[in-house]
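S.K.: Turn these sequences into a full structure, and let the hints guide you.
Number of protein chains: 2
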Amino acid sequence: MTQAVRHDSMRARNLGLVLGEVRRSGPVTRAALAEITGLTKTTVSKMVGDLLDAGMVTETGTLRDGERGRPGTAVSLSGGRVAALGLEINVDYLSACVVDLALTVRLRYTQAVDNRAASPVETLARLQKLIHRAVDEARAAGLVIAGSTLAVPGPVNGGLLHSAPNLGWHDVRVGDLLETGGEPPGVEVENEANLAALGELWFGTGHGDFLHVSGEIGIGAGLVVGGALFRGARGLAGELGHVVVSPDGPACRCGGRGCLEQYAGQEALLRAAGLPAPAPRTAPEATSPDDAVATSGTPAAPGGVAELVGRLRDGDGPALEACARAGRALGIALTSATHLLDPGTIVLGGVFAPLFPWISGPVRDTMTGRLTAMRHAVPEIAVSRLGADAATLGAAGQVIHRVIADPGLHLAAARAVPAPR
Amino acid sequence: MTQAVRHDSMRARNLGLVLGEVRRSGPVTRAALAEITGLTKTTVSKMVGDLLDAGMVTETGTLRDGERGRPGTAVSLSGGRVAALGLEINVDYLSACVVDLALTVRLRYTQAVDNRAASPVETLARLQKLIHRAVDEARAAGLVIAGSTLAVPGPVNGGLLHSAPNLGWHDVRVGDLLETGGEPPGVEVENEANLAALGELWFGTGHGDFLHVSGEIGIGAGLVVGGALFRGARGLAGELGHVVVSPDGPACRCGGRGCLEQYAGQEALLRAAGLPAPAPRTAPEATSPDDAVATSGTPAAPGGVAELVGRLRDGDGPALEACARAGRALGIALTSATHLLDPGTIVLGGVFAPLFPWISGPVRDTMTGRLTAMRHAVPEIAVSRLGADAATLGAAGQVIHRVIADPGLHLAAARAVPAPR
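Residue numbers (the UniProt record's numbering), protein chains in the order written: chain V, 1 to 421; chain Y, 1 to 421.
Hints in this document: simulated from the structure, not taken from any laboratory. Beta carbons: idealized from backbone N, C-alpha and C, even for Gly. Fair warning: there could be bad hints in the mix.
A short, non-exhaustive set of chain Y residues, derived as facing chain V with CB atoms under 8 Å [claimed, not checked]:
#: 1; residue: G232
#: 2; residue: H242
#: 3; residue: C254
#: 4; residue: R375
M.R.: Structure below.
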C-alpha cells in the first residue's frame with residue numbers, strides 16, 4: 001500500500017520532471033528527454049503522449065537529434081489549452097487576469113470600486129461576475145482554467161483571511177463565499193504582498209533573492225529566495241508594516257505600538273504632508289461586469305498619492321519632510337529586515353513606486369548608516385515596474401507554476417476541452 | 001556537452017535518491033528501491049554496489065520482499081566508515097566532535113581557552129591540534145572524515161568571516177589560516193547561530209519550523225524552515241542581535257543604535273544586574289591538545305551568568321529587573337522577527353537557556369500584547385536542551401546531510417580506507 005502510494009507519487013514527480021524539462025529546454029526530442037531525465041524512452045513517450053492529449057505540449061516539426069544524428073520530433077510547451085486565473089480584491093479595485101501555460105497574459109480586467117463601502121458578501125458577488133466573464137472569454141479562446149488564486153490585502157492561513165484592517169474584514173473564509181460552480185475548480189486565497197513578490201519575479205524586474213515591499217494603506221512584503229516565496233510556518237511571513245520602529249510610538253490597528261505603518265503607511269504619509277486621505281467613493285448601486293475595463297496598464301495612483309507626488313514635484317516643504325520622515329522609518333524597519341532576512345535586492349512597490357524619487361534616498365541613507373560596518377554592503381534599493389498589477393499576475397503565475405510541477409492533476413480536465421477552432 | 005553534464009548530474013541525483021531512500025526506509029531490498037525510485041533494477045544494483053564498496057550502506061541479512069514474496073538482501077545505512085568533523089571557535093572555548101553517517105556522535109572534545117587573548121593565527125593553530133587529534137582517533141576507529149564545518153561567532157560569506165566583534169576579529173579568511181594537510185579535505189566556515197539551529201534540528205528538540213536564538217555575548221538566530229536553514233542571499237540572515245529595538249538607543253559595535261544586543265546581550269544583562277562581565281582568563285603559554293577534555297555534556301556557563309542565575313534564585317531585585325528588561329527588549333525584537341519570519345516555535349538557547357525561567361515570561365508577555373490581535377497565536381517559546389554543544393553538532397551534521405544528498409563526491413575517498421578490524 002505504502003509502496004503503491006510511493007509509486008504513484010514517483011510517476012507524478014517524473015511527469016513534472018518531463019514537463020519542467022520541456023519548459024526549460026524546449027523544443028527538445030523525446031530521446032533527449034530520456035537522456036536528460038534518466039527515464040526510459042518508453043516512459044518518456046507515454047508521458048509526452050499524455051501531455052500532448054492535454055494540450056500542455058505541442059510537436060514543433062522535426063529537429064536533428066544532436067547525440068545520434070537521427071531526426072526526431074521536437075516537443076515544446078504550449079500555451080494554447082491550459083491557463084490560470086489571477087484575481088485581486090484591494091481597497092479600491094477588483095482585478096482579474098488570465099495567463100496561459102507559457103506565461104503569456106491573455107486578458108486582464110480592472111474594476112474601480114471602493115470595497116470599504118461594501119460587505120465581504122457584496123464584494124465577492126461583484127468579483128464573481130468578473131470571474132464568470134473571464135472564464136467565458138477564456139473558454140471562447142479554447143482555454144481551460146486549471147485553477148485560480150485570489151490576492152487579498154491581509155495575512156491568510158489555510159484559506160482564512162485573519163485580518164484585512166484596511167477593508168475592515170476579520171476572519172473571513174473568502175473561498176467559501178465564492179460560488180464559482182466549479183469554474184475555476186477551487187480558488188486559493190493568498191496575501192497580496194506575497195503574490196506581488198511572485199509577480200515581480202515572473203513578470204517584472206525581480207531577480208535573484210529579493211524583498212518586494214507592497215506599500216499601500218497597509219505595508220506588506222514578500223521575500224523571494226531561490227525562485228520561491230518564503231512563507232513562514234503559517235504563511236504569515238513578510239508583515240513588514242508591523243515591524244517595530246519605535247517601541248513607545250503611536251498605537252497601531254494591530255494592537256502594537258510604533259509599527260512601521262504608523263510612520264510610512266499611505267494614511268500616515270498623507271497626514272504628515274497635510275493632505276486628506278482620499279475620500280471613499282460611493283460604490284455604485286449595481287455594478288455590472290461591463291464596468292470593468294480591459295487594461296494593459298495599472299490603475300491610476302490613488303488621488304491622495306497623486307496629489308502628494310504633484311506637491312513633491314513642486315518642492316513643497318511639508319510634503320518633502322513627510323517623505324523624508326517616512327523614508328527614515330522605512331529605513332529602520334528595512335535595517336531590521338536585512339539583519340533577519342538578508343535580501344540581495346529590495347524592490348519598492350505600491351505607492352512607494354511613484355514616491356521612489358523622494359523616498360529612496362532617506363531609506364538608503366538610514367540603512368547605510370546602520371548596516372555598512374557589519375555587512376560591507378547595503379542591499380540594492382530598486383523600484384517596481386509592475387505597480388498594482390503585480391499581485392494579480394503573481395496569483396495567476398503561481399497556478400501555472402504548480403501545474404508545471406504536477407501536471408498529472410490537470411490531465412483529465414485539460415483533455416476534456418476541445419482544441420480551439 | 002550540455003547533455004553529458006546533465007546526464008552526470010542526473011546520475012549523481014539518482015545516487016543521492018537511492019542513499020536518501022535507504023536512510024528513510026532501510027532496511028530495504030534492491031527490488032523495493034527500484035520500485036520506489038522508478039529507476040531500473042540494474043541501475044539500483046550498480047548504485048548499491050558502489051555504496052557498499054564505500055562503506056556507506058551495509059547488507060543486513062535477508063528480508064522477505066513484501067510485494068513479490070521472494071526473499072531479498074536488505075540494505076541499511078552504515079555509520080561504520082564515513083564520518084564528519086564538527087568544529088567551533090567561540091569566545092571562551094574550542095570544541096570538536098566526530099559524527100558518523102548514521103548521525104551517531106562518535107567523539108567530542110571541548111577545550112576551555114580565552115580566545116579574546118589570542119590572535120586568529122594562535123587560535124587556529126590551537127584548533128589545528130584538536131583537529132589532528134580528532135582525525136587520528138577517527139582513523140583508528142576505521143572512519144574516514146568526509147568533510148568538516150567550523151562554527152564561528154559572526155556573519156560569514158564565501159568563507160570570509162566579516163566581523164566577530166566579541167573575538168575582536170574582522171575580515172578573517174578562517175579556512176585559509178587552517179593548514180589541515182588535506183585531512184579533513186577542506187573546512188567550511190559558517191556562522192555559529194546558523195549551525196546551532198541545525199544542531200537543534202538534528203540532535204536536539206527543534207521540530208517543524210523554528211527560530212533558534214543563540215544568546216551569548218552577541219545574539220544570533222538561525223531559522224529552520226522545512227528541515228533546512230534559511231540563509232538569505234549572502235548567508236547573513238538571522239542577525240537578531242542587531243534588530244532595532246529603539247532607534248535612538250545606545251550606540252552598538254555594529255555602527256547602529258538601539259540594537260537588541262545593547263539590551264539583552266550577556267554584557268548588557270550583567271551590567272544591568274550590577275555584576276561585572278567575566279574577566280578574560282589569561283591564555284596558557286602553550287596549550288597542548290591534552291588539555292582538551294572529552295565531554296558528553298556542555299561547558300559550564302560563563303562565571304557571570306552562573307552568578308546571575310544564583311542571584312535570580314535568591315530573588316535579588318536588580319537581577320530580576322535586569323532579566324525583565326532584557327526579556328521585554330527580546331520580546332520586541334522577536335515581535336518584529338515573528339512579523340517577518342513567522343516561525344512556529346522560538347527556541348531560546350545559549351545564556352538564555354539557564355535564564356529561561358526568569359526571561360521567558362517577559363518575552364512571552366511582550367509578544368502576546370503586540371501579536372495576538374493580528375495573528376491569534378504567539379509562537380511557542382521553548383528552551384534549548386543542547387546548550388553550547390548545538391553549534392558543533394550542527395556543523396558535523398551539515399556535512400553528513402550533504403554526503404547523503406550527493407554521495408558520489410565521496411565514493412573514491414571512502415573506498416580507499418580499509419574497513420575497521
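S.K.: Mind checking the CB of G232 of chain Y against every CB in chain V and telling me if the closest is under 8 Å?
M.R.: 3 Å, holds
S.K.: Does R375 of chain Y meet its interface restraint, that is, does its C-beta lie within less than 8 Å of any C-beta in chain V?
M.R.: Interface hint status for R375 of chain Y: holds (6 Å vs cutoff 8 Å).
S.K.: Quick check on the hint: C254 of chain Y CB to chain V CB, less than 8 Å?
M.R.: With a minimum Cβ separation of about 4 Å from chain V (threshold 8 Å), the hint on C254 of chain Y holds.
S.K.: Is the interface hint satisfied for H242 of chain Y? The criterion is a beta-carbon contact with chain V at less than 8 Å.
M.R.: 5 Å, holds
Every hint from the earlier list agrees with this structure, and none is contradicted.
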